[in-house]
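Engineer: Residue strings, one per chain:
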Amino acid sequence: DAKTTQPNSMESNEEEPVHLPCNHSTISGTDYIHWYRQLPSQGPEYVIHGLTSNVNNRMASLAIAEDRKSSTLILHRATLRDAAVYYCILRVSGTSYGKLTFGQGTILTVHP
Amino acid sequence: KAGVTQTPRYLIKTRGQQVTLSCSPISGHRSVSWYQQTPGQGLQFLFEYFSETQRNKGNFPGRFSGRQFSNSRSEMNVSTLELGDSALYLCASSRQGADNEKLFFGSGTQLSVL
Chain A
-2 DAKTTQPNSM
8 ESNEEEPVHL
18 PCNHSTISGT
28 DYIHWYRQLP
38 SQGPEYVIHG
48 LTSNVNNRMA
58 SLAIAEDRKS
68 STLILHRATL
78 RDAAVYYCIL
88 RVSGTSYGKL
98 TFGQGTILTV
108 HP
Chain B
49 KAGVTQTPRY
59 LIKTRGQQVT
69 LSCSPISGHR
79 SVSWYQQTPG
89 QGLQFLFEYF
99 SETQRNKGNF
109 PGRFSGRQFS
119 NSRSEMNVST
129 LELGDSALYL
139 CASSRQGADN
149 EKLFFGSGTQ
159 LSVL
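Sequence order for the protein chains is A and B.
Residue 102 in our numbering sits at position 105 of the first sequence; the count goes up by one each step and never skips.
Residue 71 in our numbering sits at position 23 of the second sequence; the count goes up by one each step and never skips.
Source of the hints: derived by calculation from the structure; they are not laboratory data.
Heads up, a few of these hints could be off.
In silico DSBU-like pairs for lysine-lysine, Cα to Cα no more than 30 Å straight-line [claimed, not checked]:
1) LYS0(A) with LYS105(B)
2) LYS0(A) with LYS150(B)
3) LYS150(B) with LYS66(A)
4) LYS66(A) with LYS105(B)
5) LYS0(A) with LYS66(A)
6) LYS105(B) with LYS150(B)
7) LYS61(B) with LYS105(B)
Simulated restraints, written as ranges between beta carbons of each label pair [claimed, not checked]:
8) THR2(A) with SER127(B): 35 to 41 Å
9) SER134(B) with LYS66(A): 37 to 43 Å
10) SER118(B) with SER38(A): 29 to 35 Å
11) HIS73(A) with ARG111(B): 44 to 50 Å
12) SER127(B) with GLU42(A): 30 to 36 Å
13) GLU11(A) with ARG143(B): 34 to 40 Å
14) LEU162(B) with LYS66(A): 43 to 49 Å
15) THR128(B) with PRO14(A): 46 to 52 Å
16) GLN101(A) with GLN144(B): 26 to 32 Å
17) ARG78(A) with GLN89(B): 25 to 31 Å
The beta-carbon is built from N, C-alpha and C at its ideal position, and this holds for glycine as well.
The whole structure should be built from the sequences, with the hints applied where relevant.
Structural biologist: Printed below as a string of structure tokens:
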């Protein structure tokens, strides 16, 4: 499976933007970049995904580098409820039926 | 729209026993995946079912098995339980299981093996 590299932890203050980086230098041309997060005592929650272009939704934005070897999840205004483990995942085209390969993720701490 | 439902929420078993966990996907979703989460190994993919057929499988021993019914509900079974099987078991569903789809996870079943 294609590998991703994320910082172990990051901290932010409430109402400030947060940029969570992810490196995926071995990405293939058709691999999708997905982000999920897991709050304490809950199952993972989908955040956003993209292929080549930057993506926005109500939760976050995903900025994908031109060479696709890295991406950044952007939370525009962090809240205390955004404190979670964030996972950057590559889904290999055509073979990853129902499969997400989770790494260690980034533990995001949000300070009031 | 109801989310992914997993039952039971908690389960305590002893070594050597077997256990069956249940998952009801979101209505209209035909792909159901199962994951094991432990503090040491993190989240690991077990298998995926689509239209009652196992379509993808992770690296787990044969003691871990599953099935899917015609209404897309799924069960997973673990036989001859070991202490190391203590974990949170999560189920996820999506429409087709494709790589550009999002997965919806349930809250999981916390299994403790004594």
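Engineer: Mind listing which of the numbered hints don't hold for this structure, in increasing order?
Structural biologist: none
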